[in-house]
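The end of the sequence shown is residue 994 by my numbering, with every number in the run present.
Hints were generated in silico from the structure; no laboratory data involved.
Computed from a predicted structure; not experimentally measured.
Hints are supplied without guarantee of correctness; some may be wrong.
[Claimed, not checked] Here are the simulated DSSO-like pairs of lysine-lysine, each with C-alpha atoms no more than 27 angstroms apart in a straight line: (1) K942 to K851; (2) K524 to K621; (3) K477 to K508.
[Claimed, not checked] What follows is a set of in silico ranges between Cβ atoms, one per label pair, in the way DEER data are often shown: (4) N75 to K863: 52 to 60 angstroms; (5) G656 to K963: 48 to 56 angstroms; (6) S794 to F959: 49 to 57 angstroms.
Quick reminder that beta carbons are idealized off the backbone N, C-alpha and C, glycines included.
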Amino acid sequence: MKGFAFKTSLLSLSLLSCLGEVTDLHAATTAHSVWVGSALQQEVRGTVRNENGEGMAGVTVLVAGTTVGTSTDENGSYRINVPVGKSQLVFTLLGYTSQTLTVTGGTLDVQLTALRNELEELVIVGYGSSTKKDLTGAVNTVSSKDFNGGLVGSPEQLINGKTAGVQVMSNSGSPSAGSTIRIRGGASLSASNDPLIVLDGVPLETGGISGNSGNFLSLINPNDIESMTVLKDASATAIYGSRASNGVLLITTKKGKGDALRLSFSSIVSMQQAMGVADMMSRDEFADLINSRGTAAQKSLLGESSTDWLEEVFQSAMGTDNNLSLQGKIAKALPFRASVGYYDQQGTLRTDRSERMTGSLVLNPTFFDQHLAVNLNLKGARNNNRFANTDAIWSAIAFNPTQPIYSGVDAYGGYYESLDNAGLPATGANLNPLGLLRQERHRSNVNRGIGNLDVDYKFHFLPELKAHVTLGYDYAKGDGFNHIPASAANNFTIGGAYDTYAQTLKNKLFTGYLNYNKALPEIKSTIEVTAGHDYQYWSATRPPIVYYNDAAEVRSTAIGSDERHTLISWYGRLNYNYDSRYLLTATIRKDGTSRFSPENRWGTFPSLALAWRLSEESFLKGVSFLDDLKLRASYGVTGQQEGIGNYEYLPVYNLGTEYAQYRFGDQYHLVYRPSVYNRDLRWETTKAFNYGMDFSLWQGRVSGAVEYYTRKTHDLLANVPVAAGTNFDQNATINVGNVESRGLEFQLNTVPVQTENLRWEVNVNATNQDIKVTNIALVQDASSVGTYVGPSVSGRGIQILTTGYQPYMFYVYKQMYDEAGKPLEGVYADLNEDGAIDEGDLYRYQSPAAKWLFGFNTQVTYKKWSAATTLRANVGNYVFNNTKMNLSAWETVQYVDAALNNLHRDYLNTGFQTRQYYSDYYVENASFLRMENITLGYNFGKVWKISNLRAGAVVQNVFVISKYSGIDPEVPSGFDSSFYPRSRTFSLSLNMDF
Numbered sequence: 001m002k003g004f005a006f007k008t009s010l011l012s013l014s015l016l017s018c019l020g021e022v023t024d025l026h027a028a029t030t031a032h033s034v035w036v037g038s039a040l041q042q043e044v045r046g047t048v049r050n051e052n053g054e055g056m057a058g059v060t061v062l063v064a065g066t067t068v069g070t071s072t073d074e075n076g077s078y079r080i081n082v083p084v085g086k087s088q089l090v091f092t093l094l095g096y097t098s099q100t101l102t103v104t105g106g107t108l109d110v111q112l113t114a115l116r117n118e119l120e121e122l123v124i125v126g127y128g129s130s131t132k133k134d135l136t137g138a139v140n141t142v143s144s145k146d147f148n149g150g151l152v153g154s155p156e157q158l159i160n161g162k163t164a165g166v167q168v169m170s171n172s173g174s175p176s177a178g179s180t181i182r183i184r185g186g187a188s189l190s191a192s193n194d195p196l197i198v199l200d201g202v203p204l205e206t207g208g209i210s211g212n213s214g215n216f217l218s219l220i221n222p223n224d225i226e227s228m229t230v231l232k233d234a235s236a237t238a239i240y241g242s243r244a245s246n247g248v249l250l251i252t253t254k255k256g257k258g259d260a261l262r263l264s265f266s267s268i269v270s271m272q273q274a275m276g277v278a279d280m281m282s283r284d285e286f287a288d289l290i291n292s293r294g295t296a297a298q299k300s301l302l303g304e305s306s307t308d309w310l311e312e313v314f315q316s317a318m319g320t321d322n323n324l325s326l327q328g329k330i331a332k333a334l335p336f337r338a339s340v341g342y343y344d345q346q347g348t349l350r351t352d353r354s355e356r357m358t359g360s361l362v363l364n365p366t367f368f369d370q371h372l373a374v375n376l377n378l379k380g381a382r383n384n385n386r387f388a389n390t391d392a393i394w395s396a397i398a399f400n401p402t403q404p405i406y407s408g409v410d411a412y413g414g415y416y417e418s419l420d421n422a423g424l425p426a427t428g429a430n431l432n433p434l435g436l437l438r439q440e441r442h443r444s445n446v447n448r449g450i451g452n453l454d455v456d457y458k459f460h461f462l463p464e465l466k467a468h469v470t471l472g473y474d475y476a477k478g479d480g481f482n483h484i485p486a487s488a489a490n491n492f493t494i495g496g497a498y499d500t501y502a503q504t505l506k507n508k509l510f511t512g513y514l515n516y517n518k519a520l521p522e523i524k525s526t527i528e529v530t531a532g533h534d535y536q537y538w539s540a541t542r543p544p545i546v547y548y549n550d551a552a553e554v555r556s557t558a559i560g561s562d563e564r565h566t567l568i569s570w571y572g573r574l575n576y577n578y579d580s581r582y583l584l585t586a587t588i589r590k591d592g593t594s595r596f597s598p599e600n601r602w603g604t605f606p607s608l609a610l611a612w613r614l615s616e617e618s619f620l621k622g623v624s625f626l627d628d629l630k631l632r633a634s635y636g637v638t639g640q641q642e643g644i645g646n647y648e649y650l651p652v653y654n655l656g657t658e659y660a661q662y663r664f665g666d667q668y669h670l671v672y673r674p675s676v677y678n679r680d681l682r683w684e685t686t687k688a689f690n691y692g693m694d695f696s697l698w699q700g701r702v703s704g705a706v707e708y709y710t711r712k713t714h715d716l717l718a719n720v721p722v723a724a725g726t727n728f729d730q731n732a733t734i735n736v737g738n739v740e741s742r743g744l745e746f747q748l749n750t751v752p753v754q755t756e757n758l759r760w761e762v763n764v765n766a767t768n769q770d771i772k773v774t775n776i777a778l779v780q781d782a783s784s785v786g787t788y789v790g791p792s793v794s795g796r797g798i799q800i801l802t803t804g805y806q807p808y809m810f811y812v813y814k815q816m817y818d819e820a821g822k823p824l825e826g827v828y829a830d831l832n833e834d835g836a837i838d839e840g841d842l843y844r845y846q847s848p849a850a851k852w853l854f855g856f857n858t859q860v861t862y863k864k865w866s867a868a869t870t871l872r873a874n875v876g877n878y879v880f881n882n883t884k885m886n887l888s889a890w891e892t893v894q895y896v897d898a899a900l901n902n903l904h905r906d907y908l909n910t911g912f913q914t915r916q917y918y919s920d921y922y923v924e925n926a927s928f929l930r931m932e933n934i935t936l937g938y939n940f941g942k943v944w945k946i947s948n949l950r951a952g953a954v955v956q957n958v959f960v961i962s963k964y965s966g967i968d969p970e971v972p973s974g975f976d977s978s979f980y981p982r983s984r985t986f987s988l989s990l991n992m993d994f
């Protein structure tokens, strides 16, 4: 790896204190070297190589006991003048064991070995890096060797289950679906809870783009990623200020390594199967029920066919991911890495598909004797999607299983439909599931390019000082169309549909900072100061849209949009290290956003962290099995301005469409409509404390961390009801309410067995989270039950926000049961004991948020074989089974005269005649244990002209153990309603290096 080069710098002395044990050796001179005396100094030359015999650039060479130093050039060569009376040279490079060698001639060649101690590993943090042992904040890094294996379509899935406090949940089984990422559960309610994602120093905009609204992050090729670092506490995140309330995810991509050119190829081929479907009645069960309980009219709607609609709409899906990369040095001078990738994945729901093509180029040369480092990183991606109509899932669940797929006539594409007396698709009837899929073509194309240029310069006259500049640009353009022919039952009344859309996103970044790092050996101290400025600009534009039917007749129009916002920041950080025992980090950031009015525009976000390395104290230094023991404490303030509009503090007027004109005399005029606004909008702020302990035992065989945090969010940005006549809408975004949360995290990494041929690693993490709303109203009203939120059930949100309670609890009736445990229809507990069952008896019951999150990872390597698995568990999370509620009552068997609907098998247990919309019977314990993946691999080594050949097999989403009766206990918002099931994936992989 590249190091930092210094000519004459006391900083090199501090590097010695944090690079592990310094080896004192006598180096042999070459056979013809001769030591020539001088009254002032002597010249020594040599080459520094790694364990592979390759020259190492950027190695610091320092005359012991002085500030005289130099660094090796790109070939590993150095030349230094040794003052009289000095005879030892110190060789240091971050990530390698330092060596102190005694000079016995004019030539001194050295070999450095890579550090095996994880405490010396470099960890990427905001605007810089640090060794693991010198961290003062809650930071976790997952490197590429520990990523989840198999077919991975989006980067966040690489770290699922790998680190405490981080939850990654795929939003559905579609290949174009994204994931919900939560670090410590998020800190907000109505505003965004997504973490800030920083790609190679460029903060990315949250959300998606037209044509890929659910999974914008998937346009980054997971195969190009070197590591992912999670910043969790306020000390680690406050340097990012207003965007860091929900944590920060730093993504570092791969760069060129080594002198020799190396070509690598990897390929994965997979097959997926939908994992579980709704438990509906079979054809015979349904027919028997209708024949025994149905009316004559209902019996007449039974057909002669036997159709498993869920079997028809789902399929075994194929996928592949192929990557080719070339890295090394051009003309032994220009390090580079170039890669291309192709990913193609069908969905298990027919007609669903996602395709991605990516390319990247990284150039990272150095100049002026390692004083100037340049890193140019270019990435491009094209994403082609075909979206399936997911309404087909609900139709397949509920459609009459006694009817055929095809009608035998040409009408409505030949698909069987429930028709009214006029021969038209019956209003309110479910449409043919296969017809919904095959008679709709919804396609999109998204192009994205991300580029950044990093320039890092160490001043020749003051090598302790460096200047860093980053220029970044993220451009994306998406467009698509959705075509439904006039012959399809869907949209039949309007003659089909042909809708188009487009959007362009731009993200521009300038970052510039100075970093001063000074070692003060006389007082056993190192001080590092960073000060910088950021400017970031975002824009999102959409052209006006015209919606047509299949005959090219205009159905409606939509106006275009041009959204922009800017963030300007100033920040500083101080790191102080005394004797590698006492550590201090202080940061401050001042952000100004265009989303707030000038009087509320600027926010200040400070943090302070302290750490005490007890293992460096004299009373513990004699403990042979103790590598490191560190206590940490931090406090910080972070901000929030995501998840709201760009102009909500301004009185904005939008031009109406031609279908909403005002008549004045004999003429019609377009009108301007006012939008809701609030000039008093200001920063949502989160104040957090974190207390942690890091430990490492038996030369890293056992290591881990324990964290406890508390967090209070003030001035929540929330969309809440406002008094009538006070604004232009019944709801407005205002600062209202507070939320408190606390949590406990535990991470344990172990190597129980390590021999020459066998290595077994076991890693465990656990997270406990608790959150409570402490205020959610502008004016306190004792009679108010709270604010209904969440998915709608029978006209209102099934969840509620109430002061003093966990957010998003289900607001339901307490179901009563008979002696046999059968739920009694319409019978609920009279909780307020007023003798009547009404809204006063609703109560807050459980939450979708898990109380405990667990992760378990293990890997075994035996000679050339390797095996690994990852398991996750959620405990204490609950799900409202809306599919069961909506389809397990007799009234749901028929909504319209022309059609019957299948029933959920739970009807056989309850016998409900009408739906029990708000019964807690449908709020189910969804705790689960999921095996994310299991892998088996074999390394063939060198085969013919292939320098390294590896083959493997992976199964993903192997099993789920849960009491939940639905298809999957892990669903967005804790609401299961015709959920697109996740897949079990079987993959074969091949990796080759040349």
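Hints versus structure:
1. Taking the CA atoms of K942 and K851, the gap is about 49 angstroms. The hint is violated against a cut of 27 angstroms.
2. For the hint linking K524 to K621, the alpha-carbon distance of about 18 angstroms falls within 27 angstroms, and the restraint holds.
3. A hinted pair counts as satisfied when its Cα atoms are at most 27 angstroms apart, and K477 with K508 qualifies at roughly 15 angstroms.
4. For the hinted restraint 52 to 60 angstroms between N75 and K863, the CB-CB distance of approximately 36 angstroms leaves it violated.
5. Checked against the given bound of 48 to 56 angstroms, the beta carbons of G656 and K963, roughly 52 angstroms apart, stay inside it.
6. Remark: the range hint 49 to 57 angstroms for S794 to F959 is contradicted by a beta-carbon distance near 35 angstroms.
Hints 1, 4 and 6, counting from the list given before, are not met by this structure.
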